[in-house]
Amino acid sequence: MITVEGLSKSYGRFVAVDDVTFNCRPGTVTGFLGPNGAGKSTTMRIISGLTPQDRGSATVDGQRYVDIPNPGTKVGVLLDASAQHAGRTGREVLTLGAMTIGLPRRRVDEMLELVSLTPPEAKRRIRDYSLGMRQRLGIAHALLGDPQILILDEPANGLDPAGIHWMRGLLREYANRGGTVMLSSHLLHEVEVIADELIVIGNGRIVAQDTKANLLKTAGTFAKGLEPESLARALSQAGIHATPSGDGGVRTESTPEAVGRAAAAAGVVLLELRAADGAGLEEMFLQLTSDTQRDVATPEESLV
Amino acid sequence: MSTATAPTPYAPAPGTAPKPSLVRLVTVELRKLVDTRAGFWLLASIAILVVLASASVMIWAPDSAITYDVFMQAAGYPIGFLLPVLAILSVTSEWSQRTGLVTFTMEPRRIRTLLAKLVATVIAAVAAVVVSLALAAVANVLGAAVNGVDTVWNNGASEIFDWTLLQLLGLLLGFAFATLFRISAVAIVVYYAYNLVISGLLSVLAAFQEWFADIQGWVDFSFAQIPLTTHSMDGEAWAQLASSGTIWLLLPLAVGTWLVLRAEVK
Chain L
200 MITVEGLSKS YGRFVAVDDV TFNCRPGTVT GFLGPNGAGK STTMRIISGL
250 TPQDRGSATV DGQRYVDIPN PGTKVGVLLD ASAQHAGRTG REVLTLGAMT
300 IGLPRRRVDE MLELVSLTPP EAKRRIRDYS LGMRQRLGIA HALLGDPQIL
350 ILDEPANGLD PAGIHWMRGL LREYANRGGT VMLSSHLLHE VEVIADELIV
400 IGNGRIVAQD TKANLLKTAG TFAKGLEPES LARALSQAGI HATPSGDGGV
450 RTESTPEAVG RAAAAAGVVL LELRAADGAG LEEMFLQLTS DTQRDVATPE
500 ESLV
Chain X
116 MSTATAPTPY APAPGTAPKP SLVRLVTVEL RKLVDTRAGF WLLASIAILV
166 VLASASVMIW APDSAITYDV FMQAAGYPIG FLLPVLAILS VTSEWSQRTG
216 LVTFTMEPRR IRTLLAKLVA TVIAAVAAVV VSLALAAVAN VLGAAVNGVD
266 TVWNNGASEI FDWTLLQLLG LLLGFAFATL FRISAVAIVV YYAYNLVISG
316 LLSVLAAFQE WFADIQGWVD FSFAQIPLTT HSMDGEAWAQ LASSGTIWLL
366 LPLAVGTWLV LRAEVK
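Just so you know, the sequences run in chain order L and X.
The first sequence lines up with residues 200 to 503 when you count with our numbering.
The second sequence lines up with residues 116 to 381 when you count with our numbering.
Isolated chain L, as found in the complex (with noise of 0.2 Å):
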C-alpha cells in the first residue's frame, strides 16, 4: 500500500507536485499517467526518500520510505533504468543489488533468466546495452528482494511491443498475487492495457483518478462526416459542441440520435455513427493536460 497526502514540492516558483494526494493498493495496477514534466517522476523520487518533499507525507505500508530498515526486500524501485554505471555489466549491477539486499547469489541467475537476459548479455556493459534491455535490468533490479510493492517510472520505454506485452504479463501476475504495482507512463495506451486503476496528473496537480472502468465508460458519441467541416457546421448549428477526435471523426456528449437527426437535417453524409467507447478517455486525457502539452495542437485549437 502506497499512501500519499497532500504532497507539495516546489523548485523555486515552479510548483512540481501540488496538494497530491492517492492509495495504490495491493492486488491493483495503478497507472500513474501525465505529459512529460507533470510531476510523475518527482513524486516518486518523493515516496522512494531521493527528495525531500516541502508539504505532505508519502509512506509505504504506513512507513516512511527513509524508516524501512532494507527496503529492496519491501518496495522495488525502477526510477530510471539508465541510471547505472556504464562500465558495469548487468550481471554486477544485480549482484551489488543482492549483496547490500542479504541474498544468495543465486538470485541473480533467477532475476537474469526472469527477464530474459541471456549469460552472454548480462556480461557485456551497460553502455552497450538498448534502452530496453536497461528496462529489462531494471525490471530485475527491482524484483531482486521479492517486495511486495513496485514503484516504476516509464518501465515501458524502450520496450518493443514483445517486450511490452511480457511486461504486461508479469506486472498483472504480480498484482494478481496480492502485489501493489505503481507505474508512470507519459503514453495513455501503455497504462490502459495494463492499469486497473487510473491517477491521472497535469502540471502537478492530480486531474483525474478513478477505476480504469470508470474512466472509460466516459458516455458520448463519435461521429465521422464525409466532410468534415460540414458535420462540424451543422452540429454547431444544432448546438452540440463537438470536438475533433484526431482521425477525422468528432467526439461529443450528445446521444447518437441526437448527432444524426441534426446531420440529417443539414443533410451532411455520415460515414460513422455510433457511442463513443473507451477512447474517451484520450480525449479526456489531451484535454486535462492540454496545458503542458506543449507543442501538440489541443482539440480546440485544431477545430475548424
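Keep in mind the hints are simulated off the structure, nothing from the lab.
Glycine included, C-beta positions come from ideal geometry on N, C-alpha and C.
Where hints are given, some of them may not hold.
[What the hints assert, rightly or not] Derived coverage of chain X by chain L (criterion: at least 3 residues anywhere in the stretch with Cβ under 8 Å from a Cβ of chain L; other residues may be distant):
1. 138 to 147
2. 348 to 357
[Stated by the list, open to error] Each pair of labels, with its calculated beta carbon distance range:
3. Arg-326(L) - Arg-146(X): 16 to 26 Å
4. Phe-323(X) - Arg-323(L): 36 to 46 Å
5. Arg-323(L) - Ile-275(X): 20 to 30 Å
6. Val-370(X) - Asp-446(L): 53 to 63 Å
7. Ala-369(X) - Arg-323(L): 54 to 64 Å
8. Lys-322(L) - Val-370(X): 36 to 46 Å
9. Arg-305(L) - Val-261(X): 46 to 56 Å
Based on these hints, arrange chain X on the given structure of chain L.
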C-alpha cells in the same frame, strides 16, 4: 519471454528483513571501487606507476640515494596523486553516473552509505600503501644489487607511519571535497587547485606577511604536513596538523556530509 513468469510470490506477512549491516555496505562499496574498468585501472595504474617510479630511481639516482627512504618517497607521488581520485569518484559517481538512484533507495539512510564509502576507500588506500611499500622494498633490494651497493633500510616504523598518514590525509581531503561538490570534475579540479595553487599562494603570503608566517602552521594544511614528510613531528606540529586539518578537512567534510544527506538524487 512471451510466456510471462511472475516473480516468486511473497509471503502474506513478510518478515521485515534487518538493515543491511555496515560490514555488508563496506563490502559492496569496496567491490564498486574495482568492478568497473575505470576503477580497476585507477588502482592498477597506482601499482604500475609505483614500479615505474622505482625503476627511475634505480636507473637515474646516484648510488648514495639507493635507500628504502628514497624508494618510498618515489612511490608516494603516484599514490598521492591517484588515491584522492579514487575517493572522489567513489562519492561523485553516485551523482555523475546517477547510480545514487539505486544506491540510496537500497539504503535510504545515506549517512551509512557515506560511512561505508569512507571505510572502503581507507581500506583500499591502506592496501595500496602496503603494496607500494612492498614494491619499494623489492626495488630497494634490486636497486642495491644492480648498482653494486649495500642495501640500506633507513626507514623505521615511525617514518612509515608518517608516510602512510600523509597518503591517508590526501585521500580524506579528496573525499571531503567530493561530498562538498558531488561532481567528479569539479571535485578533482578543486583538489588539485588546493594542492598546487592555494598552498602555493599561502606560502607566498607567508613570505611577505609576517603576521601570516606566524600562524601559517595553524591554518595551512599543506604546510602543517611538511613535518610528516621530513619525519620531524613534535607536539606543536601535531597540534598544527589538527588545527589546520579542522579547517581544510573536517569542516568541508561536515558541510559536505550535510549536503549529501539533503541533496536531491535525480
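Against the structure, the hints come out as follows:
| no. | hint | verdict |
| --- | --- | --- |
| 1 | 138 to 147 | holds (count 6) |
| 2 | 348 to 357 | violated (count 0) |
| 3 | Arg-326(L) - Arg-146(X): 16 to 26 Å | holds, 19 Å |
| 4 | Phe-323(X) - Arg-323(L): 36 to 46 Å | violated, 59 Å |
| 5 | Arg-323(L) - Ile-275(X): 20 to 30 Å | violated, 43 Å |
| 6 | Val-370(X) - Asp-446(L): 53 to 63 Å | holds, 58 Å |
| 7 | Ala-369(X) - Arg-323(L): 54 to 64 Å | violated, 41 Å |
| 8 | Lys-322(L) - Val-370(X): 36 to 46 Å | holds, 41 Å |
| 9 | Arg-305(L) - Val-261(X): 46 to 56 Å | holds, 52 Å |
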